Amino acid sequence: MHLHVEVIDWPISPGPTVPPSLAGPAGALAEFRGLVRNDEGGQPISALEYEAYSPMAEQTMRRIAREIGGRHGVLSARIVHRVGIVPVGEAAIHLVVAARHRGPAFVFLSEFMDRLKQDVPIWKIRALDRTGRPLAAPPVAPTPPP
Amino acid sequence: MRVLFFGHLKTLAGCSVHELPADELSSDELWALLLTRFPAFAPLHAHTRLACNSEFAPPGARFTSADEIALIPPVSGG
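Going line by line, the protein sequences match chains A and B. Quick note on numbering: the first sequence equals residues 1 to 146 in our numbering. Quick note on numbering: the second sequence equals residues 1 to 78 in our numbering.
Incorrect hints may appear among the rest.
Unchecked claim - No more than 25 Å apart at the CA atoms, straight line, and that leaves these computed lysine to aspartate or glutamate pairs for DMTMM-like:
no., chain 1, residue 1, chain 2, residue 2
1, A, LYS117, B, GLU55
2, B, LYS10, A, ASP129
3, A, LYS117, B, GLU24
4, B, LYS10, A, GLU67
To be verified - Footprint (simulated), chain A over chain B, 3 or more residues, beta carbon under 8 Å:
no., segment
5, 5-12
6, 25-39
7, 45-59
Claimed, not checked - From chain B, some residues computed to sit far from chain A (all C-beta separations above 12 Å):
no., residue
8, GLU19
9, LEU20
10, ALA22
11, VAL75
Because the hints were derived from the structure by calculation, they are not lab data. This one's a predicted model, so the numbers in the text were calculated from it and none came from an experiment. In this text, a Cβ means the ideal position worked out from N, Cα and C, and glycines have one as well.
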């Protein structure tokens with residue numbers, strides 16, 4: 001499985017999709033972008049700020065992707081998570097996955113995002129209002145994962 | 001022994017790294033020391049995992065001053 005995982009602090013570019021060597025076997029290319037919404041807890045916002053424990057986040061995302069990808073026969077995956085201030089409408093995370101058929105590609109996207117939200121050390125640390133000031137309350141309450 | 005804080009814990013601690021005066025600690029001993037220094041961590045203790053050298057630490061793990069320890073509060077990426 002060809003895998004690219006990265007935590008960056010600049011806008012996510014589309015980047016390469018299917019490695020040339022996999023352009024033949026791949027019959028499906030699925031993509032997910034997690035965008036910053038314009039409200040947080042009912043309050044309008046202009047951006048979210050993310051923080052990561054980057055070495056562990058990248059290592060954990062690689063491990064999860066290999067585990068899920070191996071189970072479903074995924075050919076390649078590109079996973080990029082952005083940290084720092086991410087404005088409304090821009091992507092905080094971008095996944096592109098290639099597989100022989102659409103089923104494994106869709107399953108990979110769904111399972112990976114579920115695992116990311118349980119085990120990958122990345123946090124929304126604050127939401128910024130329309131003037132760019134932090135909202136009084138943190139964007140996500142420090143509650144345990146489901 | 002260096003301990004890294006992230007997310008809400010970093011805000012509560014007012015710093016991102018803290019040095020504990022110990023060369024070797026169990027996870028229980030580590031938490032006991034941290035809660036003495038940062039009582040505000042107490043409500044998050046049950047929901048915070050320990051990581052050692054970028055891997056989640058198993059229950060009962062022991063740490064040395066050569067390890068990079070991190071407190072991982074509930075995550076919220078994506």
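The hints, checked one at a time:
Under the criterion of a C-alpha separation no larger than 25 Å, the hint pairing LYS117 of chain A with GLU55 of chain B is consistent with the structure, at around 16 Å. With a C-alpha separation of about 22 Å, the suggested pair LYS10 of chain B and ASP129 of chain A falls inside the 25 Å cut-off, and the hint holds. The hinted pair formed by LYS117 of chain A and GLU24 of chain B fails the criterion: a straight-line CA distance of about 32 Å is larger than 25 Å. Distance restraint check for LYS10 of chain B and GLU67 of chain A: the Cα-Cα separation of roughly 31 Å exceeds the 25 Å cut-off, and the hinted pair is therefore not satisfied.
Counting residues of the segment 5-12 of chain B whose CB falls under 8 Å from any CB of chain A gives 5; the rule of at least 3 is met. Only when three residues or more bring their CB closer than 8 Å to a CB of chain A does the claim for the segment 25-39 of chain B stand; here the count is 0, and the claim is violated. Under the rule that three or more residues need a Cβ within less than 8 Å of chain A, the assignment of the segment 45-59 of chain B holds, with 6 such residues. At roughly 18 Å, the least C-beta separation between GLU19 of chain B and chain A is larger than 12 Å, which holds for a residue marked as non-interface.
At the 12 Å boundary, the C-beta of LEU20 of chain B stays outside the reach of chain A, the nearest C-beta of that chain being 18 Å off. The non-interface label for ALA22 of chain B is consistent with chain A: the shortest C-beta to C-beta separation is roughly 22 Å, beyond 12 Å. Not every beta carbon of chain A lies more than 12 Å from that of VAL75 of chain B, the smallest distance being close to 6 Å; the non-interface claim is violated.
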